[in-house]
Structures are given as structure tokens and as C-alpha cells.
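Engineer: Protein sequence lines correspond, in order, to chains A and B. Numbering follows the working numbering, in which position 23 of the first sequence is assigned residue number 1363; successive positions increment by one, without gaps. Numbering follows the working numbering, in which position 91 of the second sequence is assigned residue number 426; successive positions increment by one, without gaps.
If you're looking for bench data, these hints aren't it; they were derived computationally from the structure. One should not assume that every hint holds.
Restricting the straight-line Cα-Cα distance to at most 25 Å, the calculated cross-link-like pairs of lysine to any residue (SDA-like) are [to be verified]:
1. B:K444 <-> A:N1402
2. B:K444 <-> B:V422
3. B:K403 <-> B:Q349
4. B:K340 <-> A:D1426
5. B:K441 <-> A:D1426
6. B:K444 <-> B:I388
7. B:K406 <-> A:Y1358
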Amino acid sequence: GAGVSQTPSNKVTEKGKYVELRCDPISGHTALYWYRQSLGQGPEFLIYFQGTGAADDSGLPNDRFFAVRPEGSVSTLKIQRTERGDSAVYLCASSLGTSTGEQFFGPGTRLTVL
Amino acid sequence: DQQVKQNSPSLSVQEGRISILNCDYTNSMFDYFLWYKKYPAEGPTFLISISSIKDKNEDGRFTVFLNKSAKHLSLHIVPSQPGDSAVYFCAASEGAAGSYQLTFGKGTKLSVIP
């Protein structure tokens, strides 16, 4: 079966622009997570969805970042007025439910803000 | 303040020998621990996990040990193989508190020399 997919794989944008990053989780996985990985760091949590609702968005750095999952499957991470410091690899993961267990990660989207 | 620490940025091991990767944590609420392996340009791949009610979990060549009193865990790979060369991330969650976000360390780059 297909794993977690993310599009685009690479995104280059200019400072101040708006970007959308897409995540397709594994079919049947109800939980979906977004993480951000900067160079030399481990992934850092951004937001977690259980179904359509954001169950925990405590990791979003500021109100320029927003994520949706309208039908409980595909999710989109939206970044407004991008800044150079937003450059990172954005990782999406999904899991079967809310219990502890492994999260399956996608390959990530490398965002570069010039 | 980093809650999950991997103090060795890199480790080199001869093929066939044991690799030991270490991880320390500071948050006593963590009750579930995972190791992920990451190749360049790919997302992290789940390797093995352990619940805080156990002190050891084994899966083939991989064994994770947990010392709760020392807030320390380690991953043992034996025998090490060249294909094990990757970055290894330690991660933790507070499942009992209903928080399923993973907190990652910065990673240890393992090089297995043929």
C-alpha cells in the first residue's frame, strides 16, 4: 500500500509570499501530524489532527501558520507572508489512532524562502 | 530547553560490531519512546519503541533499553551492517497525558564501515 505522500517535494518562494504544502496520509489513518525540521535539528512538532479537527496546535510558531484537514484525510499546511526563517523541511506523519504508537512519515517538503 | 538529548552527533562502527546509540530525556511525563532511522532526502522510518513500563524491547538486531531512574535510553544494533548507516533519532511522547506529539532529539549519524 501507499505510504504518506507530500507535495511538492521542493518549494522555492520569495520572502512575503504565501505557500501551501500538501499531505496525503496512509488510507484509514485518522491521526495526522505536521513537523518541521531545520538543518542539524530533529523534527519539531507543529500541529496534530484527529479526524477533521486540530486536536493540538501548540507547536505552530505564530499566526502566519495554519493547517486544515477538511475531510479527515488530506491536509494542507498554509504559511502566509513567508520569512527566510521558515526555510526548513516540513514533514507530515500519520498514524492509526490516538494511542501511542508509531507515526509513519512522508518524505517531506523542502521549503526555501529567498 | 531540549527535553530529548542525543549528545553524540556521530558514531563510527566496524561492520559486524555492536552500535550503541544513547539518548537522555528530562521530562518525567514521557512514557513512550521511539527510535527512528533517517536516510538523506527521505522521511524518518520507525525502528523500534518501548513503553515506560518496560526496560527492554528487542526486535531482531535491534534492542532498546530504558533506564527510567536515569532518564536514559539506548539503542543497540548487533551485528551492525553497512545498510544501517543513517541518522538515528530518539523520540518521546506523553501518551498517558493525551499528548501524542513526538519530541525528537537532534539525531546521531551512524557510519558502519565495511
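Engineer: Holds or violated: B:K406 and A:Y1358, Cα atoms, limit 25 Å.
Structural biologist: violated, 42 Å
Engineer: Given the proposed pairing of B:K403 with B:Q349, does the C-alpha separation stay at or below 25 Å?
Structural biologist: violated, 30 Å
Engineer: Are the Cα atoms of B:K444 and B:V422 separated by 25 Å or less?
Structural biologist: holds, 4 Å
Engineer: For a C-alpha distance cap of 25 Å, please report whether B:K340 and A:D1426 respect it.
Structural biologist: holds, 24 Å
Engineer: Is it true that the CA of B:K444 sits at most 25 Å from the CA of A:N1402?
Structural biologist: Violated. B:K444 to A:N1402 sits at ~31 Å, over the 25 Å cutoff.
Engineer: Keeping to a limit of 25 Å between CA atoms, is the pair of B:K441 and A:D1426 held or broken?
Structural biologist: holds, 18 Å
Engineer: Check whether the Cα positions of B:K444 and B:I388 lie no farther apart than 25 Å.
Structural biologist: violated, 28 Å
Checked against the numbered hints above, the structure breaks hints 1, 3, 6, 7 and satisfies the rest.
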